[in-house]
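*Asks:* Those protein sequence lines, which keep their order, are chains A and B. Mapping the first sequence onto this note's numbering, position 177 (from 1) lands on 177, and the numbers just tick up by one. With positions in the second sequence counted from 1, the corresponding number in this note's numbering is that position plus 1000.
FYI, nobody ran anything at the bench for these hints, they're computed from the structure. Don't take each hint at face value.
Said to hold, decoys possible - Simulated restraints on C-beta separations: (1) B:1062 with A:158: 37 to 45 angstroms; (2) B:1252 with A:187: 26 to 34 angstroms; (3) A:156 with B:1041: 24 to 32 angstroms.
Said to hold, decoys possible - Calculated cross-link-like contacts (lysine-lysine; reagent style DSS-like; alpha-carbon spacing at most 30 angstroms): (4) B:1124 with A:52; (5) B:1005 with B:1256; (6) A:102 with B:1003; (7) A:52 with B:1211; (8) B:1256 with B:1184; (9) A:7 with B:1097; (10) A:241 with B:1211; (11) A:102 with B:1005; (12) A:9 with B:1184; (13) B:1211 with A:257; (14) A:102 with A:196; (15) A:7 with B:1158; (16) A:196 with B:1005; (17) A:67 with A:52; (18) A:257 with B:1124; (19) A:185 with B:1005; (20) B:1158 with A:185; (21) B:1158 with A:9.
Unchecked claim - Anything over 12 angstroms on all C-beta distances counts as not near chain B; from chain A, calculated: (22) 54; (23) 58; (24) 62; (25) 68; (26) 70; (27) 74; (28) 84; (29) 158; (30) 165; (31) 191; (32) 206; (33) 208; (34) 247; (35) 285.
In this text, all values refer to a predicted model and were calculated from it rather than measured experimentally. Note that the Cβ used here is the ideal one computed from N, Cα and C, for glycine as well.
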Amino acid sequence: MRRKGMKRKLNESLTAYGFLLPNLLGLTVFVFVPMVYAFYVSLHDWNALSPKVFIGFENYKEMASDKEWWKSVNRTFIFTVIYVPLLFAGSLFFAVMLNSMKQRFVGVARTMFLLPFAITSVISAVIWMFLYDPRHGFINQFFDLLGLPKQQFLGSTDQALFAIIVVIFWINLGYNMMIFLASIKEIPLDYYEAAKIDGATGWKAFWNITFPLLRPTSIFILVVTTIGSFQVFDQIMVMTKGGPANSTMVSVLYIYKQGFEFLNMGYASALAVVLFLIIFVLSLAQLRLYTKKD
Amino acid sequence: MGKNKTILTVFIFACGLLIILPIFFLVFSSFRAPEDVFKLSLNLGNLTLDNFKAVLETNILRAIWNSLVVSVTVTVVAMLFHAMSGYALARLNFPGKKFVFGWMISTMMVPFTVIMIPLYMVTKNLGLANSYGGLIIPMIFNAYGIFLFRQFYQDFPKELEEAAYVEGLSIAGTFFRLVLPLSKPMIIPLTIGFFTANWNNYLWPLIINQKEELMVVQVALANIVGGGYETAWSIVLAAALLSAIPTFIVFFSMQKYLVDGIKMSGIK
Chain A
1 MRRKGMKRKL NESLTAYGFL LPNLLGLTVF VFVPMVYAFY VSLHDWNALS PKVFIGFENY
61 KEMASDKEWW KSVNRTFIFT VIYVPLLFAG SLFFAVMLNS MKQRFVGVAR TMFLLPFAIT
121 SVISAVIWMF LYDPRHGFIN QFFDLLGLPK QQFLGSTDQA LFAIIVVIFW INLGYNMMIF
181 LASIKEIPLD YYEAAKIDGA TGWKAFWNIT FPLLRPTSIF ILVVTTIGSF QVFDQIMVMT
241 KGGPANSTMV SVLYIYKQGF EFLNMGYASA LAVVLFLIIF VLSLAQLRLY TKKD
Chain B
1001 MGKNKTILTV FIFACGLLII LPIFFLVFSS FRAPEDVFKL SLNLGNLTLD NFKAVLETNI
1061 LRAIWNSLVV SVTVTVVAML FHAMSGYALA RLNFPGKKFV FGWMISTMMV PFTVIMIPLY
1121 MVTKNLGLAN SYGGLIIPMI FNAYGIFLFR QFYQDFPKEL EEAAYVEGLS IAGTFFRLVL
1181 PLSKPMIIPL TIGFFTANWN NYLWPLIINQ KEELMVVQVA LANIVGGGYE TAWSIVLAAA
1241 LLSAIPTFIV FFSMQKYLVD GIKMSGIK
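Use the sequences and the hints to build the structure in full.
*Replies:* Right, here's the structure in full:
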């Protein structure tokens, strides 16, 4: 009997390792090794064609005085500071609205809000380039109708970044709204009944019940959205390529250009390592928020 | 109260219409003659299919096919691998389990953009650049899928497996014959997620493939819109609409599950 148990245990372990093997291999080769390799390459001068030359932390030193890089980091932060609160407030607002609308129509409303999420990448960029067209685009036609001057949008150094934020907001609003809505539905209705007796309805009920109970979801959305906003690439690459005059050159795009256009693989890797540290510290800080009170 | 609800519902629908307006313009203008794409008239008489005929002359159809091959393969293989791993981590006992799980989850911390350069080098050194393999294989491995399958199997009823063991079925047999077919509630939303994400993937194919005949749809679309000349909007829009069809089909046919999937990803 005992022997049989041992055999079964061994069998179970072997099966488990067998089941895990493809992912262990894949994650090692395609995530773990590249991560370590990124740091290794960042210590070299390397243009992808000639052999790597070890230069220690020279790339990091060079980075310190690379004004364009820090400008791109700054731009990424500006993007994040505008986009994250906008998306957070927008999706929470519409989740609350959808929760209190006539429930018969919720399905249709949900579909409308979620639809852009089916076309997250180049397709959405194409649609908005068409709408933003400075000469004939529908948005400028609409401005014309209101007697407003035509705008350059993606062609303007002042407006381009914001025009891109609008697109990313448009894509992600419905998805995040759905996450909030699902969490709102989990809140027991008794809480609101009890609050009603104390005279708390509407805004008061929202601030005292809904918002505090959505805390885990809120943090989840904040962290995911912040990480996402540091990685925005597709739309910018398609719509402006970082222009005009570098006004939409965010960090990821700068790394891409250094790596794949100028072939400064070593330097680009050093930039990527620093970007990783920035994202890592930011997510940790946000997660600290999460564990602080609970 | 009832009146407020009506106003609210109307307000939400107005916002919803505003959100789908860009997609409406996409559909509408892609059926217009080149000189009319920017005309906002409700005259349905001069709609034309010429733009779509012109698109067929470009490489877009080939690119759509490539995207289908890549997205479907990644999704199918990923579902199998991640379900297996998730099951092992949730249900089987083996030495080093905690370590393996922690290690896998830690790879979720690494954003793709941070490893894109070394990932390109690794994939190239494996001889996978400019091939379906290079487009497909690195995109399969994703700890997020493993994590969600593990969550799912932790709540999975135990009785079934116990009965199977009594019947003399092996652990692997139990998983493939009994557990996997009952995993649809997790497989469907993840399938939608993986398919859509890979269909919309632009950065990785842009980096790893330079071959014209393996170009995926997002890259092909980006090329015709930024081709250096005045954009031929009628053709670009028709191409964009065609490219959106697969994800729209998935989206509409499986919306119920999509919502379930979002709930899972958000709450857990």
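*Asks:* Now look at each hint and say whether the structure bears it out.
*Replies:* Checked hints:
no.: 1; hint: B:1062 with A:158: 37 to 45 angstroms; verdict: holds, 40 angstroms
no.: 2; hint: B:1252 with A:187: 26 to 34 angstroms; verdict: holds, 30 angstroms
no.: 3; hint: A:156 with B:1041: 24 to 32 angstroms; verdict: holds, 29 angstroms
no.: 4; hint: B:1124 with A:52; verdict: holds, 16 angstroms
no.: 5; hint: B:1005 with B:1256; verdict: holds, 25 angstroms
no.: 6; hint: A:102 with B:1003; verdict: holds, 11 angstroms
no.: 7; hint: A:52 with B:1211; verdict: holds, 27 angstroms
no.: 8; hint: B:1256 with B:1184; verdict: holds, 13 angstroms
no.: 9; hint: A:7 with B:1097; verdict: holds, 19 angstroms
no.: 10; hint: A:241 with B:1211; verdict: holds, 22 angstroms
no.: 11; hint: A:102 with B:1005; verdict: holds, 6 angstroms
no.: 12; hint: A:9 with B:1184; verdict: holds, 29 angstroms
no.: 13; hint: B:1211 with A:257; verdict: holds, 20 angstroms
no.: 14; hint: A:102 with A:196; verdict: holds, 20 angstroms
no.: 15; hint: A:7 with B:1158; verdict: holds, 21 angstroms
no.: 16; hint: A:196 with B:1005; verdict: holds, 18 angstroms
no.: 17; hint: A:67 with A:52; verdict: holds, 25 angstroms
no.: 18; hint: A:257 with B:1124; verdict: holds, 19 angstroms
no.: 19; hint: A:185 with B:1005; verdict: holds, 18 angstroms
no.: 20; hint: B:1158 with A:185; verdict: holds, 29 angstroms
no.: 21; hint: B:1158 with A:9; verdict: holds, 18 angstroms
no.: 22; hint: 54; verdict: holds, 16 angstroms
no.: 23; hint: 58; verdict: holds, 17 angstroms
no.: 24; hint: 62; verdict: holds, 16 angstroms
no.: 25; hint: 68; verdict: holds, 18 angstroms
no.: 26; hint: 70; verdict: holds, 18 angstroms
no.: 27; hint: 74; verdict: holds, 18 angstroms
no.: 28; hint: 84; verdict: holds, 16 angstroms
no.: 29; hint: 158; verdict: holds, 22 angstroms
no.: 30; hint: 165; verdict: holds, 15 angstroms
no.: 31; hint: 191; verdict: holds, 18 angstroms
no.: 32; hint: 206; verdict: holds, 14 angstroms
no.: 33; hint: 208; verdict: holds, 20 angstroms
no.: 34; hint: 247; verdict: holds, 17 angstroms
no.: 35; hint: 285; verdict: holds, 14 angstroms
In summary, the structure agrees with every hint in the numbered list given earlier.
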